[in-house]
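J.: Assemble chain B onto chain A, guided by the hints.
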Amino acid sequence: MAHPILEFDRGREVEFNFEGRRIRAFESESIAAALVAEGILTLGWSPKRRRPRGFFCGIGKCSSCLMTVDGVPNVRTCITPVRDGVEVRRQRPLGELPKAPPPEAKAGELDVDLLVIGGGPAGLSAAIEASRLGARVAIADENVRPGGQLIKQTHKFFGSRENYAGVRGIEIARILLRELDGLSATWLTRATVIADYAGRSHDVVVSTPEGPWRIRADAVVVSTGATENMIPFPNNDLPGVMGAGGLQTLMHVFGVVPGESALIVGAGNVGLILAYQLLQAGVDVKAIVEIMPKIGGYAVHAAKVRRMGVPILLRHTLRRAVGRERVEGAEIVRVDESFRPIEGTEERFDVDMIVLAVGLTPSTEVPRQAGAAWDYVPELGGPVPIHDPYLRTSVEGMYVAGDSSGIEEATTAMLEGRVAGAHAAAELGLRPDRAEGVIKEALRQLESFRSGPFSAKVVRGKQRVWERAREVIG
Amino acid sequence: MRRPRESYDVAVIGAGIIGCATAYYLASRGLSVAVFDRSYITSGATGRCPGGIRQQWSTEDHVRLAMKSVEIYKNLDQELGVETGYRQGGYLILAKTEREVKDFERNMRMQRSLGLPVRWLEPGEIREIVPELDVEGIGALGAAWNPTDGYADPFKVTFGYARAAERLGAEIFTFTGVERVIVEDGQARGVKTSRGVVRAEWVVNAAGAWSRLVAETAGVSLPNKPYRHEILVTEPVKPFLRPMVISFHDNVYFRQSSRGGIIGGWGDPNEKPGYNFESSPRFLITMARLLAKYIPPLRGVRVVRQWAGLYDVTPDARQITGPVRGVEGFIQVNGFSGHGFMMGPATAHLVAQFIAGEPLDLPLEPFSPDRFERGAFEGETAVVG
Numbered sequence: 001m002a003h004p005i006l007e008f009d010r011g012r013e014v015e016f017n018f019e020g021r022r023i024r025a026f027e028s029e030s031i032a033a034a035l036v037a038e039g040i041l042t043l044g045w046s047p048k049r050r051r052p053r054g055f056f057c058g059i060g061k062c063s064s065c066l067m068t069v070d071g072v073p074n075v076r077t078c079i080t081p082v083r084d085g086v087e088v089r090r091q092r093p094l095g096e097l098p099k100a101p102p103p104e105a106k107a108g109e110l111d112v113d114l115l116v117i118g119g120g121p122a123g124l125s126a127a128i129e130a131s132r133l134g135a136r137v138a139i140a141d142e143n144v145r146p147g148g149q150l151i152k153q154t155h156k157f158f159g160s161r162e163n164y165a166g167v168r169g170i171e172i173a174r175i176l177l178r179e180l181d182g183l184s185a186t187w188l189t190r191a192t193v194i195a196d197y198a199g200r201s202h203d204v205v206v207s208t209p210e211g212p213w214r215i216r217a218d219a220v221v222v223s224t225g226a227t228e229n230m231i232p233f234p235n236n237d238l239p240g241v242m243g244a245g246g247l248q249t250l251m252h253v254f255g256v257v258p259g260e261s262a263l264i265v266g267a268g269n270v271g272l273i274l275a276y277q278l279l280q281a282g283v284d285v286k287a288i289v290e291i292m293p294k295i296g297g298y299a300v301h302a303a304k305v306r307r308m309g310v311p312i313l314l315r316h317t318l319r320r321a322v323g324r325e326r327v328e329g330a331e332i333v334r335v336d337e338s339f340r341p342i343e344g345t346e347e348r349f350d351v352d353m354i355v356l357a358v359g360l361t362p363s364t365e366v367p368r369q370a371g372a373a374w375d376y377v378p379e380l381g382g383p384v385p386i387h388d389p390y391l392r393t394s395v396e397g398m399y400v401a402g403d404s405s406g407i408e409e410a411t412t413a414m415l416e417g418r419v420a421g422a423h424a425a426a427e428l429g430l431r432p433d434r435a436e437g438v439i440k441e442a443l444r445q446l447e448s449f450r451s452g453p454f455s456a457k458v459v460r461g462k463q464r465v466w467e468r469a470r471e472v473i474g
Numbered sequence: 001m002r003r004p005r006e007s008y009d010v011a012v013i014g015a016g017i018i019g020c021a022t023a024y025y026l027a028s029r030g031l032s033v034a035v036f037d038r039s040y041i042t043s044g045a046t047g048r049c050p051g052g053i054r055q056q057w058s059t060e061d062h063v064r065l066a067m068k069s070v071e072i073y074k075n076l077d078q079e080l081g082v083e084t085g086y087r088q089g090g091y092l093i094l095a096k097t098e099r100e101v102k103d104f105e106r107n108m109r110m111q112r113s114l115g116l117p118v119r120w121l122e123p124g125e126i127r128e129i130v131p132e133l134d135v136e137g138i139g140a141l142g143a144a145w146n147p148t149d150g151y152a153d154p155f156k157v158t159f160g161y162a163r164a165a166e167r168l169g170a171e172i173f174t175f176t177g178v179e180r181v182i183v184e185d186g187q188a189r190g191v192k193t194s195r196g197v198v199r200a201e202w203v204v205n206a207a208g209a210w211s212r213l214v215a216e217t218a219g220v221s222l223p224n225k226p227y228r229h230e231i232l233v234t235e236p237v238k239p240f241l242r243p244m245v246i247s248f249h250d251n252v253y254f255r256q257s258s259r260g261g262i263i264g265g266w267g268d269p270n271e272k273p274g275y276n277f278e279s280s281p282r283f284l285i286t287m288a289r290l291l292a293k294y295i296p297p298l299r300g301v302r303v304v305r306q307w308a309g310l311y312d313v314t315p316d317a318r319q320i321t322g323p324v325r326g327v328e329g330f331i332q333v334n335g336f337s338g339h340g341f342m343m344g345p346a347t348a349h350l351v352a353q354f355i356a357g358e359p360l361d362l363p364l365e366p367f368s369p370d371r372f373e374r375g376a377f378e379g380e381t382a383v384v385g
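First to last, the sequence lines map onto chains A and B.
Take the first sequence: its position 447, counting from 1, is numbered 447 in our numbering, and each next residue is one higher.
Take the second sequence: its position 61, counting from 1, is numbered 61 in our numbering, and each next residue is one higher.
In short, the hints are calculated from the structure, not lab data.
For every residue, glycine included, the Cβ atom is placed at its ideal position computed from N, Cα and C.
Relax, there's no trap hidden among the hints.
Which residues of chain A face chain B? A partial, calculated answer using Cβ under 7 Å:
#1 Val-72
#2 Pro-73
#3 Asn-74
#4 Gly-95
#5 Leu-97
#6 Pro-98
#7 Pro-101
#8 Pro-102
#9 Tyr-197
#10 Asp-203
#11 Val-205
Lysine-lysine pairs mimicking BS3-like chemistry, simulated, CA-CA at most 27 Å apart:
#12 B/Lys-74 - B/Lys-156
#13 B/Lys-272 - B/Lys-225
#14 B/Lys-293 - A/Lys-106
#15 A/Lys-304 - A/Lys-156
#16 B/Lys-238 - A/Lys-99
#17 A/Lys-48 - B/Lys-238
#18 B/Lys-293 - A/Lys-99
#19 A/Lys-48 - B/Lys-156
#20 A/Lys-156 - A/Lys-294
#21 B/Lys-293 - B/Lys-96
#22 A/Lys-48 - B/Lys-74
#23 B/Lys-96 - B/Lys-272
#24 A/Lys-156 - A/Lys-286
#25 B/Lys-156 - B/Lys-68
Pulled out of the complex, with its shape left as it was, chain A reads as follows:
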């Protein structure tokens, strides 16, 4: 079936080995996506109780797809591209020490003005602004393809014209990447930042498929995005229970639809948008359940989903996932005023996918490891590094931008990235007058974007963080 919006350039066909079985795939796919496309949903087993584990986040954050690849254990197969002839095995439950030593690593070194960690909307924008101002920039990104979550967002953005209103996320990613192509930033793809030994400058160790890189940078922008939240319910680890973003990655990046029918948990914008994305991919969406008494997302999305016949069940929650080796059904239940299940109101849906759209938590490992002050701010999705309006953290020369500074939207992530990138360049003494203009304009747009009622909560959270910043940032 053709997708109504996306065209997939799957590239060359390749063949690899999975536990003695030959699997055909496309070179553009990740190993995990190729296995799921073949109907192999169990990618491993949990260490203690040996329960089957499957695809969940799709962006290298949840570790439920760790497999042994060419003898190397614990490879995150969701962010590892397939290659011809590669050997893939599941771990039962732990991987084994490689039989033969893998090739010796090649260490690299790099000296830059600014290192951007994470190549999503915030990181790309920071890299573009800093490069334009003349900074030597490197970007490290873990994924097979750059662009962060933009490359799976098929919906058109809201907001103002200057911030790509009416343009689909996938198109915005292309625009940003094209823009960066014209500048001279250094890309490190499939690169994971291990640590930032921040002292007078930043001494960052990055792991790449070839070996470790050591990058010295005057400034660092951390734009590492977020992880999807999991909620507790029996069988929540069954293959077929997926994060909304994980499923979007499968569908929109790799063109893989891992089931026929779905139940969505959470009626925020992500859950609502996902419902019609699933319909576009030919999936039967049985319902969206939402524990709160009202829909969290925009009314326009909700109306669209309802028009297409998907019920949105408020004051309902998931009681359990049903199935042994994979999801075979979902049992939901109504809840009372204090969110307690009302006995006797259980209802079962026969679905093979349960998709969780229950929020995100900022990915803040790098700033916290580097010693940045942080606080738990529920309005921003949990633990966030303390930062000022210029996105500076308490660690000299370290900035945060996008979801890793607090869960918001791609539009604000891009604006925050621009502020951070321009500010970092200005601090290095690069065209401070021009930088000031960029910062002012981006801050104005941020304020205007955040002026609506939907942003009230975020603004409350940001104000708390900015206030703390006055105490912890010199």
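T.: The following block gives chain B in isolation, referenced to the frame of chain A:
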């Protein structure tokens, strides 16, 4: 918040392995005990150590004490009612120079005379025990092998002691700093804590790398110095490595944890004394290279965490245990120089015997605080320093 009582028989400073085990052995003798720690249980060196339990030492008192600890560790699960993860996986101490071969021979003779089943392994025999070890690549001439050495989980052991002590009536006050030791007429009378003054007949200084500062508040001078030691752990792989592997020559040790990660440390010979807890890229890179050299397939295994802790180092790398001259009732149990977890149970037991006025299982004199003034001490050389 819970407040300490006005007085106890014993006030213990520090809730690491030493403080918690001492509290347990004191409480089981019917003494009333309060333990104070300015942070949480295991927050110091205990919670940062690799959990090794070694009996192969160059000095006799150390071997005896370590063997006593092993006797305790063997029955500790039953005694405390916890699973401490204690295993006798053995210690493989590699010799890389002729000098080491000679030293090891002498040490092994002494150790065997005390009943330790230690023996010499030729390179081929090392491979039988750890086939993955690149014996030639690292240039090992042989190894001292003691199968009754081992390891346990420092958290489970220490919390096991703490909870068992509490069941016997001891009280542990975490996040309660000791500001000073109260001394009146040359006698320790208690401690001033962040939750008020507590009177005690005895004060036990088990504050690890901070012991010297604690002692100073009582006018007692200790020669201990804090040294940072860094350590890392890899992601888990299926168990393949049973013993702890050590080289004094390379200043390195590593073992596989029960969960499968390789835990290992390297002592930087250029480390300066100080309260430094920073993790360094120098350690990460050096340790990763060493691991890949010792066990080449580890190249394919990632490091997931690194951290640092403080050794509380004395001039002879041997602990300071016992009463001090000038302040009666002020007992030092510190200066373990990186061996507190191994020596902890036996030492704590001896200290409890001493305070309770019982005959001691082993003499404490060799570890007496005043040995440095007397100039009568023999240095421990079998250390990763």
